[in-house]
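Could you put the whole structure together from the sequences, leaning on the hints where they help?
Chains as they are written, first to last, in our numbering: chain A, 468 to 835; chain B, 85 to 503; chain C, 3 to 238.
No wet-lab data here; the hints were simulated from the structure.
Treat the hints with care, as some may be off.
Ranges of calculated distance between the beta carbons of each label pair, as one might list FRET restraints [stated by the list, open to error]:
| id | chain 1 | residue 1 | chain 2 | residue 2 | range |
| --- | --- | --- | --- | --- | --- |
| 1 | B | Glu414 | A | Leu781 | 37 to 43 Å |
| 2 | B | Gly476 | A | Leu784 | 55 to 61 Å |
| 3 | C | Ala169 | A | Ile776 | 43 to 49 Å |
| 4 | A | Glu636 | B | Ile226 | 18 to 24 Å |
| 5 | A | Val504 | B | Glu454 | 47 to 53 Å |
| 6 | A | Trp567 | B | Ile226 | 19 to 25 Å |
| 7 | C | Leu106 | A | Ala663 | 18 to 24 Å |
| 8 | A | Glu636 | B | Thr407 | 53 to 59 Å |
| 9 | C | Val213 | A | Ile730 | 47 to 53 Å |
| 10 | C | Val18 | A | Ile776 | 49 to 55 Å |
BS3-like cross-link-like pairs, simulated, lysine-lysine; straight-line CA separation at most 27 Å [stated by the list, open to error]:
| id | chain 1 | residue 1 | chain 2 | residue 2 |
| --- | --- | --- | --- | --- |
| 11 | C | Lys56 | C | Lys155 |
| 12 | C | Lys111 | A | Lys668 |
| 13 | A | Lys668 | C | Lys155 |
| 14 | A | Lys668 | C | Lys108 |
| 15 | B | Lys296 | B | Lys277 |
With the C-beta cut set under 7 Å, the calculated list includes, among others, these residues of chain C facing chain A [as the list claims (entries may be wrong)]:
| id | residue |
| --- | --- |
| 16 | Thr54 |
| 17 | Gly58 |
| 18 | Asp67 |
| 19 | Gly70 |
| 20 | Ala77 |
| 21 | Gly80 |
| 22 | His83 |
| 23 | Gly89 |
| 24 | Leu91 |
| 25 | Val102 |
| 26 | Tyr105 |
| 27 | Leu106 |
We put the beta carbon where it would ideally sit given N, CA and C, even for glycine.
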Amino acid sequence: MASASSVSSAPASSAPSAPPFRQRPWVRWALPLLLLVVLVVAPLVLSEGVNETLARIGVFAVAVLGLNVVMGYTGQVSLGQIFFLGVGAYVTAYGVQNDWNIVGVFALACLIPAVAGLLVALAAARLGGLAIAMVTIALPIVGVPLAKRLSEFTGGSQGLSARFAETPEWTGLYDDQWQLYVVLVIGGLVFVLTRALVRGKYGRAFAIVRGNENVASSMGISPYRYKVLAFTIASLIGGVSGFLYMLVIQYTSPETMSFGHSIELLAAMVIGGAGSIVGSLLGGAYYVLIPELTNQVDPNLTSLLQGAILLVVLFLLPGGLASLPRALTRGRRRTRVGRGPAATPSTPSSTTGSATAEPAPTERQGHA
Amino acid sequence: MNKQFRSRTARGIAVASALALTLTACGRGDEGGGGGSRGGSASPGITDDSVTLGITTPLSGATAGPGTCTVAGVKAYFGAKNAEGGVEFGDGKTRTVEIEALDDAYDPQQAKANYDQLKDDVFAMTAGLGTPTNRAWREAAIADEVPQVLVMTGDPLFSDPEESPWQLGFVPIYQNEGEAMGELLASSTGEHKVAILSQNDDFGEGYVEGFKSAIEGSDNIEIVNELTYEATDTSVDAQITELASSGADVFFNAMSVTPLMISALQKAQQVNWTPSWFLPSNTSSPGAILEPGGAAAYPGIYSVAFSKTPAAPAFADNEDVQTYLAALKEHGDYPDPPAFPHCQWSWMVGATLEQAFAEMTEPTRENFMEALRSIEGFEAPLMLPDTSVSTGEDGQPAVSTVVVQKYNGKGYDTVETFE
Amino acid sequence: MTLLELEGVTASYGPVQVLDGVSLSVPDNGAVGILGANGAGKTTTLRAISGTVKTGGRITFDGKDIRGLRPDQVAALGIAHVPEGRGTLGDLTVRENLRVGAYLRKDSKAIEQDIDYCLDLFPNLQERIRSNASALSGGEQQMLAVGRAIMSKPRLLLLDEASLGLAPSTAKNVYDAIRRLRVESGIAMVVVEQNANLAFTLVDSATVLEVGRNVLTGTSAELKGMDEIRRAYLGG
Ligand SMILES: Nc1ncnc2c1ncn2[C@@H]1O[C@H](COP(=O)(O)OP(=O)(O)O)[C@@H](O)[C@H]1O
Ligand SMILES: [Mg+2]
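Written out as structure tokens, the structure is:
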């Protein structure tokens with residue numbers, strides 16, 4: 468948090484005398500409270516279909532969040548995130564089928580992918596650069612046949628079904644409502660913890676490693692250790708998303724972790740906004756909603772439409788959807804500057820280029 | 085905490101809240117969805133003059149080719165029927181049949197999402213391709229009591245009425261195909277040594293299981309060597325070489341990978357091994373596999389089938405085939421000659437559904453399932469002689485009979501004996 | 003008192019040995035230059051000190067053997083490395099880059115003061131405080147790299163070709179600021195330079211490396227007077 472304060476205390480362009488609406492103290496409390504209330508109420512009043520969609524968004528938002536930890540925040544290209552989702556899903560399915568305690572199953576669904584991630588990272592992070600990417604590519608490519616092969620645990624190519632987390636009687640809830648609540652609680656917790664992580668000292672170290680490994684070393688930050696740490700956390704979060712995947716989808720098969728999905732997760736992360744918490748959420752929404760949307764338009768052209776949407780979004784918003792407010796602010800600021808007198812005079816030498824470099828830092832910069 | 089940052093968070097929260105409130109405003113309308121149909125009243129997706137069927141199948145990605153066919157055939161079938169006014173149901177009403185198809189890209193997760201999206205709008209789900217993609221929502225369909233019928237998977241689970249009360253597979257299970265080949269071989273008068281190569285998964289196992297059960301107790305057949313390979317292997321040269329040394333005159337190759345099948349056909353010739361081959365139906369295409377593999381060098385290439393191949397000269401003037409090709413073009417959004425047998429199978433699914441509709445006395449899903457399960461010996465259009473649709477047999481898909489065919493250098497001819 | 007002492011230091015990249023017994027001695031508050039042609043091993047010597055290359059021989063800092071320590075351990079002892087090519091964090095702002103330098107520090111009040119000091123030392127940075135580092139000019143980036151190193155409150159600063167790629171006037175500005183820093187803070191320095199003239203404005207003594215060995219060592223005054231130095235590095 469310390470670092471964030473420094474950014475705020477920057478001699479910002481003449482501060483307005485009264486704090487703007489959004490910064491009044493009661494607003495600061497009221498908004499998160501409102502969000503919380505909405506999150507509690509929404510599953511009760513939304514239709515089954517919407518609840519199911521929201522739950523799926525939650526699953527993939529968590530997966531994208533994990534990817535963001537290693538890629539968005541630490542700058543290490545990982546093409547293997549779907550593998551950890553798959554491992555988490557298989558562990559969950561296997562545990563449920565064998566009637567293990569569900570809390571224990573959850574712990575294992577976090578732990579086993581995390582350990583797998585740790586082992587891979589210990590080997591891969593030494594290599595650095597694109598080598599990590601190459602190693603992570605191998606994960607889903609090896610994972611699919613491995614899942615087919617280990618049919619004793621995985622059900623082979625026919626996969627595993629598991630229904631669990633039955634809606635408790637006393638809640639009086641429908642299945643979709645209960646599932647969404649579980650996703651909201653577990654997913655919400657992961658988001659809150661990850662946010663704290665990337666805003667804190669570790670997050671700063673991640674950002675430095677991403678920025679320049681030599682600098683990190685000279686700053687007393689071991690790039691190797693932090694890369695391994697980020698990768699392990701990403702794998703753990705991937706495992707959580709796998710657990711949620713089983714909760715919501717209730718079925719997993721080798722196709723769950725096919726390489727294509729890893730690329731789709733990556734696209735979702737970039738579209739949502741790399742190195743952004745809100746972006747992870749938007750990425751999850753993108754992952755789930757875009758196939759639905761393109762299916763509505765023309766089921767025969769889904770991949771074509773998805774590619775087109777990807778290009779359009781990246782072209783208009785290279786920083787991803789999370790950068791939309793900033794892009795809008797910038798646009799507004801520009802027009803204001805254009806209108807003249809009201810605008811804060813910028814440094815004489817500053818051109819449009821330097822003016823654009825000035826607006827509010829991106830989220831990731833804010834806590835680096 | 086940083087002011088700009090906090091304002092950004094606030095904005096994010098505000099947006100999220102607004103979004104959630106908007107969604108909330110939509111409200112939970114009727115609570116009936118997905119709860120299964122209740123006594124007597126019509127199930128979702130059916131009215132007095134129309135019925136809607138849902139399909140989730142791969143329309144993009146590696147399996148888009150056959151996936152597209154699974155939609156095209158049934159769409160063409162009912163498109164043609166609708167043009168004539170509709171289909172007559174057992175309750176005396178005539179309904180048009182609408183198809184709602186969604187792409188799942190062979191992703192189980194997406195298939196489940198598609199099912200969730202369709203389940204309240206469609207009367208039944210049908211025709212979709214893929215084992216994992218159908219398995220992904222099988223349990224949900226059972227819980228929701230939504231029919232998932234005549235789906236294109238060789239997985240026997242869908243044809244087990246105990247396990248899968250709301251399901252029925254359409255195409256023969258792997259065992260059916262292997263069994264038909266074994267039976268033909270067993271009926272031969274000569275002595276035969278058999279070499280077996282199979283894919284190390286449920287596909288290969290199913291084939292071998294069916295084949296072995298058919299030759300069991302036949303003294304004239306001896307299995308001299310049996311090897312496996314992984315679906316991800318890039319070469320089976322070593323296996324072919326080893327099997328060649330067994331001196332077998334019959335080669336049963338349960339292989340589902342097209343390039344591997346081609347190279348296997350080539351490799352065996354290289355090592356001067358020319359047995360008769362038995363190939364699965366999905367890796368026996370004359371144009372795509374046998375020709376490039378140089379299959380003419382072998383005394384016999386056998387496979388199985390239950391549908392007519394429109395491209396074969398023998399069926400060029402066949403009335404069934406003519407009607408089918410015309411409808412595919414006009415109503416199936418499929419202007420080209422069908423590249424996969426799934427187009428024909430999907431057409432047969434349409435005909436089978438029509439059979440079931442004709443037996444339905446109530447517009448409910450339960451009644452539909454009953455009607456569907458009572459079809460016996462129905463010779464659907466495009467079916468080869470000696471094959472038929474029978475839905476009443478426990479543990480068997482709608483089509484469990486196949487005929488063995490032999491490659492004639494261009495296409496296939498049905499054969500009665502192995503020579 | 004000697005702060006840093008290198009004796010017979012060797013270093014290799016994989017099988018290739020590039021330092022073949024380098025010695026160097028930096029007194030408390032002292033500044034020592036390392037001169038030499040391209041490829042002589044200057045950068046590698048700094049890497050040997052900061053622990054980013056495999057080394058042999060003896061390296062002591064403040065009387066403690068530091069050879070073989072990890073870079074982060076060396077940094078924690080108070081040795082700050084301004085690497086060749088600057089290495090600023092492009093997508094962080096100037097202020098954030100400076101804060102990064104203070105990563106290991108816990109005294110957040112003093113950190114703010116030190117940022118102000120850096121900005122005072124390099125007024126150009128003050129103007130660009132909210133710009134992304136990637137938007138800075140070469141000179142500004144060099145200043146930022148030095149500023150970031152200072153932010154860790156080091157006892158020893160390793161400077162690698164701070165003038166590289168800068169216009170002569172900018173290079174002079176940078177060295178003027180570093181000289182002021184030296185005077186005001188007493189931080190000891192190892193200064194790698196190809197431009198010997200510039201180096202002599204800052205350092206008290208220097209050593210000349212050739213293919214991984216010391217070939218000449220002396221005070222700035224001594225070296226400036228030597229013909230071979232003049233010919234090789236002073237353009238005359
Ligand atoms: N990372 C590296 N891997 C292999 N060899 C290197 C590496 N860095 C430098 N070298 C070699 O080591 C020698 C010394 O390089 P360096 O210390 O960078 O010289 P200087 O800084 O004096 O120009 C050169 O021959 C150079 O090619
Ligand atoms: Mg150098």
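Okay, the hints, checked on the actual structure:
no., hint, in the structure
1, B:Glu414 x A:Leu781: 37 to 43 Å, "holds, 40 Å"
2, B:Gly476 x A:Leu784: 55 to 61 Å, "holds, 58 Å"
3, C:Ala169 x A:Ile776: 43 to 49 Å, "holds, 47 Å"
4, A:Glu636 x B:Ile226: 18 to 24 Å, "holds, 21 Å"
5, A:Val504 x B:Glu454: 47 to 53 Å, "holds, 48 Å"
6, A:Trp567 x B:Ile226: 19 to 25 Å, "holds, 24 Å"
7, C:Leu106 x A:Ala663: 18 to 24 Å, "holds, 21 Å"
8, A:Glu636 x B:Thr407: 53 to 59 Å, "holds, 56 Å"
9, C:Val213 x A:Ile730: 47 to 53 Å, "holds, 48 Å"
10, C:Val18 x A:Ile776: 49 to 55 Å, "holds, 50 Å"
11, C:Lys56 x C:Lys155, "holds, 26 Å"
12, C:Lys111 x A:Lys668, "holds, 17 Å"
13, A:Lys668 x C:Lys155, "holds, 19 Å"
14, A:Lys668 x C:Lys108, "holds, 11 Å"
15, B:Lys296 x B:Lys277, "holds, 13 Å"
16, Thr54, "holds, 6 Å"
17, Gly58, "violated, 20 Å"
18, Asp67, "violated, 19 Å"
19, Gly70, "violated, 15 Å"
20, Ala77, "holds, 4 Å"
21, Gly80, "violated, 10 Å"
22, His83, "holds, 4 Å"
23, Gly89, "holds, 5 Å"
24, Leu91, "holds, 3 Å"
25, Val102, "holds, 5 Å"
26, Tyr105, "holds, 5 Å"
27, Leu106, "holds, 5 Å"
When held up to the earlier numbered hints, the structure conflicts with 17, 18, 19 and 21 and fits the remainder.
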